[in-house]
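K.L.:
What follows is the residue order along each chain.
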Amino acid sequence: MTRRAPGGAMAAEARLAWRLGRGADRREWWRAALTAAGAASATGIAQTAVALGSLRGQYHVSVGGGLLDRPGERAGVVLTLLLLLVPVLGFLGQCARVGAVHRDRRLAGLRLAGATPAQVRRIAALETGPACLLGSLLATAASAMVLPRLWSAPAPAGWAGLALVALAVPVLGTAVAVLALRRLVASPLGWVRRVRPRGGRGARYAGGLLLVLLSVLAAVCGARGRLPLAVCALVVAVGAGTVWLAGGTARLAGRLVARRARTAAALIAAERLRDDPWAAARTHAAVLLVTVVGTGFVGVRQALLADLHRMRRDHRLGMPMAFYTTGIALAGAAVLVALAITLCGLAVGTAESLADRRRSLAAQIAAGVPRAVLGRALLLETALPLLPAVVLAGAGGMAIGTWYAALTGPGVVVPYAALLVPVLVYGCCLAAAATALPLLRRSARPAELRYA
Amino acid sequence: MNHRGDTMTDDGGSPAPLLAGRGLVKAHGRTPALRGASIALGAGEILAVTGPSGSGKSTLLHLLAGIVRPDEGSVTYAGQRLDRLPEQRLTELRRTDFGVVFQFGQLIPELTAVDNVGLPLLLAGASRAEARRRAGEWLERFGVRGQEELRPGELSGGQAQRVALARALVTGPEVVFADEPTGALDSLAGEQVMTALARTAREAGTAVLLITHDAQVAAYADREVRLSDGLVLPAEVAA
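Chains A and B are the protein sequences, given in the same order. For the first sequence, our numbering gives the first residue as 2, with consecutive numbering after it. For the second sequence, our numbering gives the first residue as 453, with consecutive numbering after it.
No lab work stands behind these hints: they were computed from the structure. Keep in mind it's a predicted model, so treat the numbers as computed, not measured. Check before you lean on any hint, since a few could be wrong.
What the hints assert, rightly or not - Stretches of chain A that chain B covers, calculated by requiring three or more beta carbons in the stretch to come under 8 Å of a beta carbon on chain B:
hint : stretch
1    : 269-276
2    : 369-379
What the hints assert, rightly or not - Far from chain B by the CB rule (all over 10 Å, computed), these chain A residues:
hint : residue
3    : Trp19
4    : Gly54
5    : Gly58
6    : Pro118
7    : Thr141
8    : Ala164
9    : Ala176
10   : Gly203
11   : Gly249
12   : Gln303
13   : Ala323
14   : Ala364
15   : Ala384
16   : Leu420
17   : Leu425
Note that CB positions come from ideal geometry on N, CA and C, so glycine has one too.
Given only the sequences and the hints, what does the whole structure look like? Please build it.
P.N.:
Right, here's the structure in full:
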């Protein structure tokens with residue numbers, strides 16, 4: 002037996018990955034297109050943040066109505082862009098998981114054909130990497146054309162930052178795809194199983210410690226008057242805590258409903274949640290973060306506008322009112338963009354969950370389970386865990402808004418308008434999940450029963 | 453709907469079949485699966501359909517169970533044309549009058565054994581407690597006692613298949629469609645499953661359409677028909 006040189010082996014794996022991609026069905030091309038779109042969005046947002054972050058002192062930027070000219074406001078915009086990266090990266094991760102079950106089977110087939118676990122991981126990376134690279138290159142090309150027009154005499158450090166982002170996003174996307182395989186055991190006998198993550202006591206303590214540190218940071222920054230940093234730390238702390246809570250509430254909701262379920266749809270949904278609460282928690286993580294940020298933003302906006310009006314009355318405003326309201330409107334737009342991206346991720350995740358189970362669903366339909374029951378179960382899988390989690394996230398956002406109002410205003414004013422945000426987010430999530438329902442008819446076809 | 457004991461008679465007083473497919477034609481894309489197959493199943497009869505891979509056995513089952521509609525030909529169940537019924541009515545019929553068992557995949561992985569078996573009863577409007585009670589009785593009949601709260605992934609292949617049989621029979625169907633029910637099992641587990649299926653079907657007077665390529669499994673049937681290239685072979689050829 003001749004041993005191939007490492008470079009030759011990699012080329013052979015790349016060729017194999019290319020052949021697998023070419024022979025794949027439409028789902029695989031959807032995955033590639035969505036992954037490229039996610040990578041392009043992440044690259045574009047990160048490059049804009051890097052470009053703005055590389056500017057020093059007073060600078061004239063031809064867009065943004067003067068909001069990007071001064072370092073203070075620019076830092077706020079950079080922070081907003083970085084926060085926007087969270088749902089975008091979540092979306093990218095969700096897209097990388099599209100077709101996971103079929104990819105798992107394909108990789109098991111490769112193991113059966115003699116591929117080593119390392120080769121399987123490299124092939125999986127080569128399947129995802131090019132899509133990320135394509136998206137990143139498209140976004141970089143757009144940045145290279147647009148940014149120099151808005152930004153006179155760009156600094157070399159800025160260009161270096163753009164190049165770094167262009168490389169980092171595909172590397173990150175590929176790493177996510179490979180990490181998704183870490184719990185996959187593909188045996189040389191061709192069977193596949195997923196190993197359940199077991200959160201050890203250490204992980205729980207580390208998570209708790211992180212939450213405490215973030216809360217302390219928020220308190221210290223708030224006391225020192227560094228409000229943007231304090232708000233940011235609090236948003237992340239509440240968001241992380243809520244994500245952690247999402248799994249717990251999903252498990253609890255599953256347990257409670259499974260015990261009392263009187264309908265088939267509720268029973269199926271509840272048992273699915275009880276069986277794997279973290280699957281739902283992962284998908285809903287970005288939803289909760291957007292709920293916290295959105296609710297917090299509406300509360301902060303109300304307090305901030307009241308403060309600005311007071312300052313204008315007292316002739317203490319340093320800039321025209323429109324300058325501040327434009328900034329607030331832009332921040333609101335960023336929250337809406339984050340919500341839209343999150344909803345796309347949720348719709349993709351729901352459709353993916355349906356596609357993964359299509360043979361089992363086809364068997365249920367063949368056995369006489371009405372499609373309507375399976376559709377309701379699918380919606381309940383989103384509705385049940387999200388309800389307590391969104392309520393908690395909304396409460397976190399309300400706490401941020403009320404706290405900010407207390408810091409800036411004459412007394413404690415509860416921003417009740419912010420209560421609408423969790424309600425709207427919840428409704429939008431159900432609508433996003435419902436977009437997958439037409440797939441139930443198309444995916445769970447009797448033809449699925451012809452294949453083992 | 454329950455038609456047991458009231459099957460009509462056609463010419464000459466011979467009992468009309470409970471379920472019949474006549475001149476069934478079905479293609480998957482450009483590949484013909486059935487090319488004019490005709491078959492009849494009497495009430496309470498256990499009929500084995502055998503034949504090599506690709507002969508159209510599973511497609512025949514899907515057509516007779518109303519899961520798929522034929523391109524040509526007719527499927528008649530208790531005097532009514534299944535191929536003309538709307539999808540909603542077919543779904544209801546599959547839930548009330550038919551039971552289906554596949555090689556694997558019909559159990560919901562997240563539900564416990566007892567909830568899987570009780571699901572058709574729950575769908576039919578039974579209370580959760582009643583569904584679980586009756587499901588427990590059926591599990592006991594199939595020798596899966598003590599495993600009620602386990603999920604399909606925690607059961608052995610043979611146990612899971614007996615749970616699937618219990619689920620197919622829990623509503624007291626007229627016909628059970630079994631597509632290679634022992635295909636994924638070893639010979640001992642396969643024997644246990646077939647013994648349980650044949651015994652329960654005979655006790656309850658349930659007709660069984662059994663798809664298999666295994667002669668030992670086909671031996672549990674009252675009658676055997678052989679399928680080849682999408683056609684049912686005449687009895688003398690099959691023999």
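K.L.:
Please verify that the nearest CB of chain B lies beyond 10 Å from proline 118(A)'s CB.
P.N.:
23 Å, holds
K.L.:
Could you check that no beta carbon of chain B comes within 10 Å of the beta carbon of alanine 364(A)?
P.N.:
4 Å, violated
K.L.:
Take a quick look at alanine 323(A) and tell me if its Cβ sits farther than 10 Å from every Cβ on chain B, holds or violated.
P.N.:
55 Å, holds
K.L.:
Hey, does glutamine 303(A) actually stay past 10 Å from chain B on C-beta?
P.N.:
43 Å, holds
K.L.:
Beyond 10 Å on every Cβ pair: is that true for glycine 203(A) relative to chain B?
P.N.:
Its Cβ never comes within 10 Å of chain B, the nearest being 28 Å, so this holds.
K.L.:
Does the claim that tryptophan 19(A) lies outside the interface with chain B hold up, using a Cβ gap greater than 10 Å?
P.N.:
27 Å, holds
K.L.:
Could you check that no beta carbon of chain B comes within 10 Å of the beta carbon of threonine 141(A)?
P.N.:
43 Å, holds
K.L.:
Please check whether the beta-carbon of glycine 54(A) is more than 10 Å away from every beta-carbon in chain B.
P.N.:
47 Å, holds
K.L.:
Closer than 8 Å Cβ to Cβ for three or more residues is the test here. Does the stretch 269-276 of chain A pass it with chain B?
P.N.:
holds (count 5)
K.L.:
Does alanine 164(A) clear chain B by more than 10 Å, comparing its Cβ with all Cβ atoms of that chain?
P.N.:
47 Å, holds
K.L.:
Compute the least Cβ-Cβ separation between leucine 425(A) and chain B, then decide whether it is above 10 Å.
P.N.:
Answer for leucine 425(A): holds, closest chain B Cβ roughly 31 Å.
K.L.:
Taking a Cβ-Cβ distance under 8 Å as contact, does the stretch 369-379 of chain A have three or more residues in contact with chain B?
P.N.:
holds (count 5)
Comparing the model with each earlier hint shows a violation of hint 14 alone; every other hint is respected.
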